Amino acid sequence: RKEVEQDPGPFNVPEGATVAFNCTYSNSASQSFFWYRQDCRKEPKLLMSVYSSGNEDGRFTAQLNRASQYISLLIRDSKLSDSATYLCVVNRHGGSQGNLIFGKGTKLSVKP
Amino acid sequence: EAGVTQFPSHSVIEKGQTVTLRCDPISGHDNLYWYRRVMGKEIKFLLHFVKESKQDESGMPNNRFLAERTGGTYSTLKVQPAELEDSGVYFCASSQVGGGGKETQYFGPGTRLLVL
Chain A
3 RKEVEQDPGP FNVPEGATVA FNCTYSNSAS QSFFWYRQDC RKEPKLLMSV
53 YSSGNEDGRF TAQLNRASQY ISLLIRDSKL SDSATYLCVV NRHGGSQGNL
103 IFGKGTKLSV KP
Chain B
164 EAGVTQFPSH SVIEKGQTVT LRCDPISGHD NLYWYRRVMG KEIKFLLHFV
214 KESKQDESGM PNNRFLAERT GGTYSTLKVQ PAELEDSGVY FCASSQVGGG
264 GKETQYFGPG TRLLVL
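Protein chains in written order, with our numbering: chain A, 3 to 114; chain B, 164 to 279.
Check before you lean on any hint, since a few could be wrong.
What the hints assert, rightly or not - Here are some chain B residues pointing at chain A (derived, C-beta under 7 Å):
| no. | residue |
| --- | --- |
| 1 | Tyr237 |
| 2 | Glu246 |
| 3 | Ser258 |
| 4 | Gly273 |
Derived from the structure by calculation, the hints contain no laboratory data. All values reported here derive from a predicted model rather than from experimental measurement. Glycine is no exception: its CB is placed at the ideal position from the N, C-alpha and C atoms.
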């Protein structure tokens, strides 16, 4: 079983749609959780960290359910510029080590 | 402020040759990481430096890979001799020390390595 699993998609949605991505992780000791965005042939960039209480940044909302080992990302009012691959990322260790465990990513394509 | 830089951006070599990748982290970032993405797979951790010390090299695939960070600034990753399965994108990331594991890792643009 992969440490971080995501639906690979692709998700093809029209502009303005709401889209949700899900992710599960297998290591219950995982401490930190993130969503990264990766554009085609570019490097991953941090979109947002995910906290137990859930957090929102503009059109983006992230949720963490530790009991179910489940992370989600909701994008509202999607824009053409949101087209990218969204990577669910988990920090395997606690403390100051930051060795990130990546999912394979979910590809989003927003159409006019 | 300059981001993480990597050199070269692309490298095409033949099996058995040697390639050296370079990463320059963001100034002041003591944490430096190497990751790799091979075709069709997820990005995977290779190793972690704190300044010049190897904190964790559990992800290094075998002894053909050698990473160094002399002086605690830039890092090099040497593959010798290269094999076909080493092809992929090698990313470097850096972050500040501290933050309980929540420090943001900033990634470089990657080096695309193709071994023929």
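Here is how each hint holds up against the structure:
1. Tyr237: 17 Å, violated
2. Glu246: Since chain A brings no Cβ nearer than about 23 Å to Glu246 (chain B), farther than 7 Å, the hint is violated.
3. Ser258: Cβ of Ser258 (chain B) sits 6 Å from chain A, so the hint holds.
4. Gly273: It holds, given that the least Cβ distance between Gly273 (chain B) and chain A is near 6 Å, below 7 Å.
The structure fails to meet hints 1 and 2 from the earlier list, while all remaining hints are met.
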